[in-house]
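Number of protein chains: 2
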Amino acid sequence: MKAPAFNQEDVREMIRIGTPDRVLRLIGKSHPADIALLFKGLEPNEVRFLFDVLFSARRAAKTLKELPPELLPDILSMIEDEKVARVIARADPDDAVTFSDSLPEERREKVLALVDPDLRASVRHLIGYPEGAVGRIMTTDYLAVLPNITAQGAIDKIRERGELETFFYLYVVDDVGRLIGVVPIRNLVIAPPDRKLREMMIVDPIRADAMMDQEEAARLVSKYELLALPIVDPAGRLAGIITVDDVIDIIDKETTEDMYKMAGLVEEDRVFTPASRSVKLRLPWMFLNLLTALTAASVVHMFEGTIERVVALATFMPVVAGMGGNGLTQTITVIVRAIALGELEFSSARGAVLKEVSVNLVIAMVAGGIICLVAYLWKGNPVLGLVLALAMIINLGLIAGLFGALVPLTLKWLNFDPAIGSAVVGTAFTDVFGFLSFLGLATVFLRYLT
Amino acid sequence: MKAPAFNQEDVREMIRIGTPDRVLRLIGKSHPADIALLFKGLEPNEVRFLFDVLFSARRAAKTLKELPPELLPDILSMIEDEKVARVIARADPDDAVTFSDSLPEERREKVLALVDPDLRASVRHLIGYPEGAVGRIMTTDYLAVLPNITAQGAIDKIRERGELETFFYLYVVDDVGRLIGVVPIRNLVIAPPDRKLREMMIVDPIRADAMMDQEEAARLVSKYELLALPIVDPAGRLAGIITVDDVIDIIDKETTEDMYKMAGLVEEDRVFTPASRSVKLRLPWMFLNLLTALTAASVVHMFEGTIERVVALATFMPVVAGMGGNGLTQTITVIVRAIALGELEFSSARGAVLKEVSVNLVIAMVAGGIICLVAYLWKGNPVLGLVLALAMIINLGLIAGLFGALVPLTLKWLNFDPAIGSAVVGTAFTDVFGFLSFLGLATVFLRYLT
Chain Y
1 MKAPAFNQED VREMIRIGTP DRVLRLIGKS HPADIALLFK GLEPNEVRFL FDVLFSARRA
61 AKTLKELPPE LLPDILSMIE DEKVARVIAR ADPDDAVTFS DSLPEERREK VLALVDPDLR
121 ASVRHLIGYP EGAVGRIMTT DYLAVLPNIT AQGAIDKIRE RGELETFFYL YVVDDVGRLI
181 GVVPIRNLVI APPDRKLREM MIVDPIRADA MMDQEEAARL VSKYELLALP IVDPAGRLAG
241 IITVDDVIDI IDKETTEDMY KMAGLVEEDR VFTPASRSVK LRLPWMFLNL LTALTAASVV
301 HMFEGTIERV VALATFMPVV AGMGGNGLTQ TITVIVRAIA LGELEFSSAR GAVLKEVSVN
361 LVIAMVAGGI ICLVAYLWKG NPVLGLVLAL AMIINLGLIA GLFGALVPLT LKWLNFDPAI
421 GSAVVGTAFT DVFGFLSFLG LATVFLRYLT
Chain B
1 MKAPAFNQED VREMIRIGTP DRVLRLIGKS HPADIALLFK GLEPNEVRFL FDVLFSARRA
61 AKTLKELPPE LLPDILSMIE DEKVARVIAR ADPDDAVTFS DSLPEERREK VLALVDPDLR
121 ASVRHLIGYP EGAVGRIMTT DYLAVLPNIT AQGAIDKIRE RGELETFFYL YVVDDVGRLI
181 GVVPIRNLVI APPDRKLREM MIVDPIRADA MMDQEEAARL VSKYELLALP IVDPAGRLAG
241 IITVDDVIDI IDKETTEDMY KMAGLVEEDR VFTPASRSVK LRLPWMFLNL LTALTAASVV
301 HMFEGTIERV VALATFMPVV AGMGGNGLTQ TITVIVRAIA LGELEFSSAR GAVLKEVSVN
361 LVIAMVAGGI ICLVAYLWKG NPVLGLVLAL AMIINLGLIA GLFGALVPLT LKWLNFDPAI
421 GSAVVGTAFT DVFGFLSFLG LATVFLRYLT
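Quick mapping for you: the protein sequence lines, in order, are chains Y and B.
Quick note on numbering: the numbering used here labels position 23 of the first sequence as 23, and the sequence is numbered without any gaps.
Quick note on numbering: the numbering used here labels position 238 of the second sequence as 238, and the sequence is numbered without any gaps.
The hints are simulated quantities; they were obtained by calculation from the structure and are not laboratory data.
Hints should not be assumed to be uniformly reliable.
[Claimed, not checked] Ranges of calculated distance between the beta carbons of each label pair, as one might list FRET restraints:
id: 1; chain 1: B; residue 1: Asp194; chain 2: Y; residue 2: Arg178; range: 32 to 42 Å
id: 2; chain 1: Y; residue 1: Gly41; chain 2: B; residue 2: Tyr376; range: 37 to 47 Å
id: 3; chain 1: B; residue 1: Leu414; chain 2: Y; residue 2: Asp81; range: 41 to 51 Å
id: 4; chain 1: B; residue 1: Leu414; chain 2: Y; residue 2: Gly153; range: 28 to 38 Å
id: 5; chain 1: Y; residue 1: Leu288; chain 2: B; residue 2: Glu106; range: 45 to 55 Å
id: 6; chain 1: B; residue 1: Ile17; chain 2: Y; residue 2: Glu216; range: 31 to 41 Å
id: 7; chain 1: B; residue 1: Thr410; chain 2: Y; residue 2: Gly380; range: 37 to 47 Å
id: 8; chain 1: B; residue 1: Val203; chain 2: Y; residue 2: Gly153; range: 46 to 56 Å
id: 9; chain 1: B; residue 1: Thr295; chain 2: Y; residue 2: Ala5; range: 47 to 57 Å
id: 10; chain 1: Y; residue 1: Pro44; chain 2: B; residue 2: Pro130; range: 42 to 52 Å
id: 11; chain 1: B; residue 1: Thr295; chain 2: Y; residue 2: Asn45; range: 44 to 54 Å
id: 12; chain 1: Y; residue 1: Arg16; chain 2: B; residue 2: Thr410; range: 25 to 35 Å
Glycine is no exception: its CB is placed at the ideal position from the N, C-alpha and C atoms.
Input sequences plus hints: build the corresponding full structure.
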């Protein structure tokens with residue numbers, strides 16, 4: 001819990017020179033979160049050197065777990081199997097899973113073959129939970145006791161375990177391991193020594209099934225302001241816990257996912273990802289985007305005859321498309337965020353759709369009125385203004401409002417991610433409908449426009 | 001900590017009929033976070049009724065604090081001054097500030113005049129911190145002790161205070177109140193009773209200045225996995241703490257802010273905000289958007305002569321604009337998220353800009369190649385394809401990459417919000433440069449296009 005006390009550049013210099021003892025002296029008792037920053041921008045042989053230094057000081061596991069998970073695979077790929085296995089063996093159970101998960105499948109099996117069978121079985125069990133399930137990230141490092149133990153007996157048990165870092169609660173289980181209560185450890189401080197846990201426990205505590213979605217579990221912790229959430233198997237037996245710091249990680253991860261999906265990005269594509277990898281990750285979205293843009297183009301193509309006769313239409317195309325796209329982005333953002341924060345609990349899906357459509361309609365009418373006037377003053381044709389205003393009401397008011405609210409809600413309802421590709425698919429949608437309504441109406445009223 | 005145990009509709013029915021005792025019986029010992037949901041969609045007189053029921057059971061403060069902060073002003077506006085004052089008097093110090101902050105300034109003064117002078121002074125002091133500073137949301141409800149006290153002495157002090165809910169650490173201060181150490185309360189459980197805190201405290205703990213930005217303070221808690229962060233005044237004296245559940249709220253709030261700013265939305269504009277208020281909040285952005293869209297339109301207008309001669313240009317305008325806009329959104333999202341998560345610690349600002357520009361350039365070249373071929377096959381003109389490809393490289397490759405990376409980083413560096421209006425201002429930028437490069441190049445090569 002000390003503030004960072006070393007100069008990154010000094011330590012890097014020592015790494016480059018290759019003096020392990022001076023590296024160790026410089027980093028001293030610094031927090032692993034600060035030490036992890038040293039891995040930034042090192043050459044592979046320097047990474048291996050720093051790893052070895054930390055490994056010899058038994059600080060490798062704690063430091064590696066502080067790296068952004070997207071950086072782990074690269075770094076682990078530079079370390080020998082034998083050492084990775086020993087880091088996994090020394091790590092907390094949930095970190096052991098994270099490390100194993102960062103290895104390519106074939107290598108993971110080779111590495112796990114090197115750790116002791118119990119740990120191997122436990123890692124395999126946790127990794128068996130589906131991606132996104134809370135069971136996959138829980139830790140099995142918790143204290144469970146029977147209800148008849150006394151406060152003093154519990155304190156003795158805690159003393160035996162020594163490490164206290166992650167214990168906030170004692171979990172009380174029955175004789176087949178089913179969770180029946182919980183005692184905040186700080187309550188033990190002021191309890192009479194002979195008081196039985198049964199008499200002081202919180203009965204029937206909030207818990208989550210191991211298959212529950214991580215985000216949902218995180219929201220339980222946040223909603224009820226817990227420090228840790230017990231995770232149970234289908235029979236109600238205690239299987240693990242997640243702690244509040246995991247919850248912050250989950251919330252960060254899920255928010256990144258939402259923002260990234262809205263922009264058509266995949267999660268691994270971070271600021272520190274090598275450019276070549278980022279290109280590979282963005283290309284599929286680029287193809288999709290090209291396809292949707294060409295769809296919009298083909299709509300315009302249908303009306304080339306109209307544009308040829310009234311070229312001013314080309315001038316106003318970006319206005320209809322742009323306003324629609326922004327209205328759509330706003331609506332999707334409000335809905336996606338409301339889903340993530342559980343705010344729909346304070347509203348309703350139907351109410352949300354109705355509201356967004358009416359807000360967009362009013363805004364479209366105001367914007368339509370203004371643009372109608374602008375077009376008239378600029379181009380001297382009142383019908384052009386009316387066509388623009390109508391197109392805006394259709395595209396910004398109806399399409400953007402409806403699509404923006406309905407699509408994320410429907411995706412969520414179908415258990416998909418509510419934010420998938422909103423920017424790419426969504427803006428293509430408002431482009432297509434914008435051009436269709438604007439150029440379509442212009443074609444209908446063509447004789448008043450020329 | 002119990003799971004929700006009542007049926008919302010049943011309770012609403014009792015609220016409508018107006019039977020306080022049955023409402024209370026139904027909600028029983030349910031968690032305030034569940035009770036808060038009852039406020040959804042009630043008529044003003046029903047809100048007042050529910051409030052009175054909770055108030056009489058001394059549960060109003062705890063329940064109100066569970067409401068999304070954007071809902072609080074509306075609900076408080078329905079309650080009499082006298083009662084609001086009593087809720088403030090009964091609330092935890094940080095919640096007292098939240099409630100006071102939700103009142104219009106004039107009413108706030110009237111209400112605060114009704115509470116006792118000490119509390120009034122304390123609320124005024126905290127509300128005096130600037131919006132966004134961690135001092136404004138800290139609680140002054142913590143336990144500070146001198147270093148010479150023993151473990152047993154500390155336990156006695158805790159017992160005196162009774163309420164344990166929010167105490168995770170004992171803060172050790174010197175005789176002028178300067179923070180010198182911290183003792184996790186769970187460590188007291190296993191400490192010898194006569195051990196002095198001085199001997200068991202963590203010396204020189206991580207702390208934050210009361211003026212520190214809330215997000216920065218939240219990231220300290222998350223980075224170092226703390227349960228609470230002590231807040232000090234400029235002289236190093238302990239002034240308050242924030243706890244990990246505040247931190248989750250801050251992170252949620254800051255992320256909402258980022259997503260909202262990117263879409264051109266203001267924070268109060270939530271899914272449950274009345275439509276009329278949402279319209280009012282979105283109109284200024286709509287005006288800005290209209291202005292930027294008209295800027296793009298005026299660029300197209302400059303080239304109407306060219307379009308008149310090669311109307312196929314109008315068809316491909318949405319492709320250049322759309323691809324540029326998406327590349328920009330992707331780049332801004334990666335950078336804004338990296339700033340929020342502190343990932344730039346693992347990269348560098350210069351590296352990030354270079355990387356984004358090169359990624360966008362490669363993608364633009366691939367997309368340019370494809371669109372060049374498509375245009376040739378579709379319109380039978382190779383020069384049109386080349387003009388398109390070049391425009392895409394300029395707009396998607398250079399403009400989107402540079403603007404998308406530089407603008408948020410510069411805004412951050414100037415201490416502004418990195419995400420301000422990206423969607424609105426940014427896409428206008430790629431529209432303008434897209435049309436300028438595409439139609440400009442087309443004008444230069446006009447004789448090969450007709």
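To test your reading of the hints: which numbers does this structure violate? Result: hints 4, 8 break, sorted rising.
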